[in-house]
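First to last, the protein sequences are chains A and B.
Residue numbers for the first sequence follow our numbering, so the first one is 10 and each next one is one higher.
Residue numbers for the second sequence follow our numbering, so the first one is 1276 and each next one is one higher.
These are calculated hints, taken from the structure and not from any lab test.
Check before you lean on any hint, since a few could be wrong.
What the hints assert, rightly or not - Some chain A residues well away from chain B (every beta-carbon gap over 12 Å; in silico):
1) Thr19
2) Pro78
3) Asp94
4) Val118
To be verified - Stretches of chain A that chain B covers, calculated by requiring three or more beta carbons in the stretch to come under 8 Å of a beta carbon on chain B:
5) 27 to 35
6) 98 to 106
Said to hold, decoys possible - With the Cβ distance kept under 8 Å, some of the chain A side facing chain B (calculated, not the full set):
7) Trp16
8) Ala49
9) Leu53
10) Val69
As the structure is a prediction and not an experimental result, all values here were calculated from the model.
Heads up, the beta-carbon is just placed ideally off N, CA and C, and yes, glycines get one too.
The residues making up each chain are set out below.
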Amino acid sequence: SQTIHQWPATLVQPVGSPLSLECTVEGTSNPNLYWYRQAAGRGLQLLFYSVGIGQISSEVPQNLSASRPQDRQFILSSKKLLLSDSGFYLCAWSVRVELFFGSGTQLSVL
Amino acid sequence: TQLLEQSPQFLSIQEGENLTVYCNSSSVFSSLQWYRQEPGEGPVLLVTVVTGGEVKKLKRLTFQFGDARKDSSLHITAAQPGDTGLYLCAGARGSQGNLIFGKGTKLSVKP
């Protein structure tokens, strides 16, 4: 069966520090991979998606970047965090339309 | 911009009551999905509806896709405290997972 791992679960970082969130998927090949952000009281905002290794599409211009170094690994990064980067970050995978989410990372930028 | 509007935003009911939540858009979607999310967790897929007018049942939950594939509803019969959570609808623009999400309905079922 397929599983998705996302870490860390919580993270507190100072403004201006770098960020690296990692997500890995097991049990499937060549999945589409996604990074979403969920702010309090708001829906899920798609940040990046990838249909293959090295292929990244950005939905919203921002302070973040994504990379897919391996088929089942998706990384969300920032060189310098802003206060507005705080939120709940979710990684997800799909083969068709349905999304399967990780357990999320609660990021607080102070 | 395709938007999905969910209503109500918040709903607090007693155990045993019935409820309906709505997901509306002015745009047509190829399919629509419902997810439930608990605090501190990722959303979990409940159902996908594809055909206009389609009705799907999942135990006490009934999902309907509008005839024009622009809207959907979720009806819960005899709600239980375990139904508590954030219910999100999401519309698909094609055959891949680039979904448009609504802001959700936060449901609280009190014993």
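Test coverage of the segment 98 to 106 of chain A by chain B using CB-CB distances below 8 Å; three residues minimum. holds (count 5)
Do the numbers back the hint for Ala49 (chain A), that is, is its least Cβ distance to chain B under 8 Å? violated (11 Å)
Does Asp94 (chain A) sit more than 12 Å from chain B, CB to CB? holds (19 Å)
Does the CB of Trp16 (chain A) sit less than 8 Å away from some CB of chain B? violated (13 Å)
Does Thr19 (chain A) really sit off the interface, with its C-beta more than 12 Å from all C-beta atoms of chain B? About 9 Å separates Thr19 (chain A) from the closest Cβ of chain B, which leaves it inside 12 Å; violated.
Just want to verify: Val118 (chain A) was marked as not at the interface with chain B; is every Cβ pair farther apart than 12 Å? Holds, since 18 Å exceeds 12 Å.
Please check whether the beta-carbon of Pro78 (chain A) is more than 12 Å away from every beta-carbon in chain B. holds (21 Å)
The segment 27 to 35 of chain A covered by chain B? Criterion: 3 or more residues, Cβ-Cβ distance below 8 Å. violated (count 0)
Are Val69 (chain A) and chain B close enough, Cβ to Cβ, to be under 8 Å, as the hint says? With a minimum Cβ separation of about 13 Å from chain B (threshold 8 Å), the hint on Val69 (chain A) is violated.
Cut-off 8 Å, beta-carbon criterion: hint that Leu53 (chain A) touches chain B: Given a least distance of 4 Å, the restraint on Leu53 (chain A) holds.
When the structure is compared with the earlier hints, violations turn up for hints 1, 5, 7, 8 and 10 and for no others.
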